[in-house]
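**Student:** Residue numbers (our numbering), protein chains in the order written: chain A, 1366 to 1697; chain B, 24 to 287.
These aren't lab readings, by the way, just hints derived from the structure by calculation. Among the clues, some could well be false.
Output of the computed footprint for chain A on chain B, the stretches with three or more beta carbons under 8 Å from beta carbons of chain A [to be verified]:
1. 105-111
2. 124-132
Okay, derived cross-link-like pairs now, DSS-like style, lysine-lysine, Cα gap no bigger than 27 Å in a straight line [as the list claims (entries may be wrong)]:
3. LYS1541(A) with LYS1530(A)
4. LYS1591(A) with LYS251(B)
5. LYS1610(A) with LYS132(B)
6. LYS205(B) with LYS251(B)
7. LYS59(B) with LYS251(B)
8. LYS1683(A) with LYS1385(A)
9. LYS158(B) with LYS138(B)
10. LYS1693(A) with LYS149(B)
11. LYS135(B) with LYS1591(A)
12. LYS1610(A) with LYS158(B)
13. LYS1610(A) with LYS135(B)
14. LYS158(B) with LYS1683(A)
15. LYS1591(A) with LYS132(B)
16. LYS1693(A) with LYS158(B)
17. LYS1610(A) with LYS138(B)
18. LYS102(B) with LYS1591(A)
19. LYS102(B) with LYS1610(A)
20. LYS102(B) with LYS1530(A)
21. LYS158(B) with LYS132(B)
Computed far set for chain B versus chain A, every beta-carbon distance over 10 Å [claimed, not checked]:
22. LEU58
23. PHE91
24. ALA145
Ideal Cβ placement from N, Cα and C applies to all residues, glycine included.
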Amino acid sequence: MLPLVSRANRVKDPDEINWKSESTVWPILQIISYIAALSVSFLLPTTQNVNLLPYRIFLLAVIIFFIGLFIISLFNQKIKAKNSHNAQFYFVIGLVFILWDLFTTKFDILPLPFFPSFAQILQVMTEDYITLLISMAFSLRLLVVGFSIGVVVGVVTGVLIGWYKEWNYWLFPIIKVMGVIPAVAWIPITMFIFPSSFYAQVFLIVLSVWFPVAYMTCTGIQNIQKSYFEAARTLGANESFLIFKIAIPGAMPSIFTGIYTATGISFATLVVSEMIGAKAGLGWYINWAKGWSNYAKVYASIIVMAILFSIVMAIIFKIRDRVLIWQKGLLK
Amino acid sequence: MTLDNNAGSITINHINRTYLDASGNDTEALRDVSLKIDAGEFVALIGPSGCGKTTLLRLIAGLDSPQFGEVLLDDEVIKGTNYQRGYVFQQANLFPWQTIENNISAGLKARKVFKEQKSEVAHYIKLIGLEGFEKSYPHQISGGMAQRVSLVRALINNPKVLLLDEPLGALDSFTRFDLQDKLLELWTDRGTTMILVTHDVDEAIYLSDRIVIMTPRPGKIEEVIQVKLERPRSRSDESFLRLRTEILEKLHLSSKPKEPDYYL
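So here's chain B without its partners, still in its complex pose:
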């Protein structure tokens, strides 16, 4: 299989997104968010719930559109979904009526290139070690297996950017570590740009080049931290732990209401 190194860069320019909540009030999911992600970069978005990180990911995917500002893939403004921006959901979100094999090949069929690239399916099944489960249905496999299927279902399209919406959040820690390594392996092999939404500070540090810390109400970028640790990284390394404490403190501070500058 030949892989052209076709990673894409993402540019986010002054994005605003406001939703109406159930009682008709405006909720600012994102306010004036700007960010540039280089081609081939691994970026983690982290922050408390309600900080708009999933909204941001959905805007990049084209599942939602901004009310102000724009998102660009390379030099093109994003409008609607496209297979070049693959998306891995929090729940594996496999089509329950299709076998594992057919779930993986769904992207090829949707793009009408299944005939030419049929052989890829077996390759990807082997890649995630699911030989023998080709004809199984999603409910017959474990959560970890399902998430691996979900990952290659997006990867088979060879996207320029892979958007990961807490894909490992619902898994037990052994499966999670295992899949984190798999993810790194795939990233190293292909060089695809990866944007990961996560709650897990360890996961963000272990995987990414940069960590974007976001704050809620209104959702905006608080700080961007460069992770300068050598790869492969060790979770028990001193520098790893120091960075972890630093980020946790920042998250903790940002989730608390700001104290006034002076008291009367």
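Next comes chain A alone, as it looks inside the complex:
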């Protein structure tokens, strides 16, 4: 019998995730591009009136982070592969920072106040972080409350119309028509129906989440192979077993497609509703900053939004991967 080929000697399987060929040059170039950005900031004369300290600290932190990553990757193959794969991308981002800096603080080419430097955005963020954090908290509260209620109501409605013919007969046409109306179109009406703008906003988010989730739950249930229900029935299942152990778990992939769609729509509804009726939240912050022509603040809140919504999305994907663990390896 042939001896087992040692790990070091056998041909490596191609890495599907970190597929770029491994190199040590790019991780070093990645560090250099941020050092260059920092040097540009220090060495060239500044023409715009801006506090450069936060920007420089930011670049320094990035440099330290990538150096740390480089050192760790000497000992950890996994991190090395990942860092090497991503290095080209972050190298180019470093160059973008240099260009952005040159076009703004250094040569003052881009018109103010519409296109501020990154240094100015960071300056605004550090100066106004309390208002930004409060705005973020308000948006997050609205999103969590509205989204949770919307998903629950959506799944319940979806199960009812997906399972019971009578419910389907009465509700499905309504869902189909209401579903194409953007929730924000109801803003003028919600303003006089609800006692406070918070309830009105929650309602709008519930509405925007409800329809995609209900619709996808319903079609998910209707597309389950009949044979699963038959198998369950021959095993002695009653109706509640069929609904809770077959219909709902079987529709889960579809339900999560609905939730994923709903997430995007709910972000839009959130921002628009905050811009129009609210006195707090990131959407309100953007509108308020625009009123003062402080576009640096507009960009700042957009960055905060990007971070917040990405985290929300990541959490939803994590939950989905947990719930749909049985699909792992089943689909490509």
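Given chain A, work out where chain B should sit, using these hints.
**Tutor:** Same frame as chain A, now just chain B:
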């Protein structure tokens, strides 16, 4: 584990079942089918596709109902499904969102006896040699393993009758032989009435007490053959082969259009 010998008999009385096909025409899946299957008997239904053998099995399971006639389990008319008539599908048909363990215990949970009979699950996993796969999902195991899981998923309910709808048809021959022996072993141990739909003449002879030959358009019973071979049976035995030739000839004849009695 105690097993009360509670096999059931099936009586089929003058059953008719007609379906509408896609173009709106009547297709007679079964015409005036009558059959009596004794408790503890192993019966195979065999015939070309379209002869209504799966329809017949589904009527016994209660997954479908006859338009005329009735099916009885012991002395009771069958209405709807019941765990006492277990069903094993052609594709293993395991619930993909549940682990192997949970697929096997599904019947106990559906009947709300899981708490009392929890220990059965481990017993059945051992019985089919799937220790270590309890937490796997159906797509992670082979077709033969899945069909074994499907078999015990039905058996854990201790049914009076086990209906087998070509459960081994999609498997390779080694796995099929292996599972045929497993099936016989389970039948001998428990005495459950077994009704097997199959395309495979060898399988029918190897396993069953009686073979019911069916013919298509309209689906009806052509002949019932007693298999009088000693058990355990050998597939290469002379009497086995003779019976095989006999059945094949009958199947071949029945699938050809009947010749007229005389020519002009």
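**Student:** Checking one constraint from the list: CA of LYS102(B) to CA of LYS1610(A), max 27 Å. Satisfied?
**Tutor:** Holds: LYS102(B) and LYS1610(A) sit about 23 Å apart, inside 27 Å.
**Student:** Can we confirm that no CB of chain A comes within 10 Å of the CB of LEU58(B)?
**Tutor:** Answer for LEU58(B): holds, closest chain A Cβ roughly 20 Å.
**Student:** Would the pair LYS1610(A) and LYS132(B) pass a check requiring their Cα atoms to be no farther apart than 27 Å?
**Tutor:** 10 Å, holds
**Student:** Holds or violated: are the alpha carbons of LYS158(B) and LYS132(B) at most 27 Å from each other?
**Tutor:** OK: LYS158(B) and LYS132(B) at ~17 Å, within 27 Å.
**Student:** Hint check: LYS158(B) vs LYS138(B), CA-CA at most 27 Å. Holds or violated?
**Tutor:** OK: LYS158(B) and LYS138(B) at ~19 Å, within 27 Å.
**Student:** Within 27 Å, alpha carbon to alpha carbon, are LYS59(B) and LYS251(B)?
**Tutor:** 18 Å, holds
**Student:** Please work out if LYS158(B) and LYS1683(A) have their alpha carbons no farther apart than 27 Å.
**Tutor:** OK: LYS158(B) and LYS1683(A) at ~21 Å, within 27 Å.
**Student:** Against the 27 Å threshold, does the CA-CA distance of LYS1610(A) and LYS138(B) hold or violate the hint?
**Tutor:** Holds - the C-alpha atoms of LYS138(B) and LYS1610(A) are around 17 Å apart, at most 27 Å.
**Student:** Mind checking the alpha carbons of LYS1591(A) and LYS251(B) for me, to see if they're no more than 27 Å apart?
**Tutor:** 39 Å, violated
**Student:** Checking one constraint from the list: CA of LYS1610(A) to CA of LYS158(B), max 27 Å. Satisfied?
**Tutor:** Given pair LYS1610(A), LYS158(B) holds - Cα atoms ~17 Å apart, limit 27 Å.
**Student:** ALA145(B): least C-beta distance to chain A exceeds 10 Å?
**Tutor:** 19 Å, holds
**Student:** Can the stretch 105-111 of chain B be counted as covered by chain A under the rule of three residues or more with Cβ-Cβ separation shorter than 8 Å?
**Tutor:** n = 5 at 8 Å, threshold three: holds.
When held up to the earlier numbered hints, the structure conflicts with hint 4 and nothing else.
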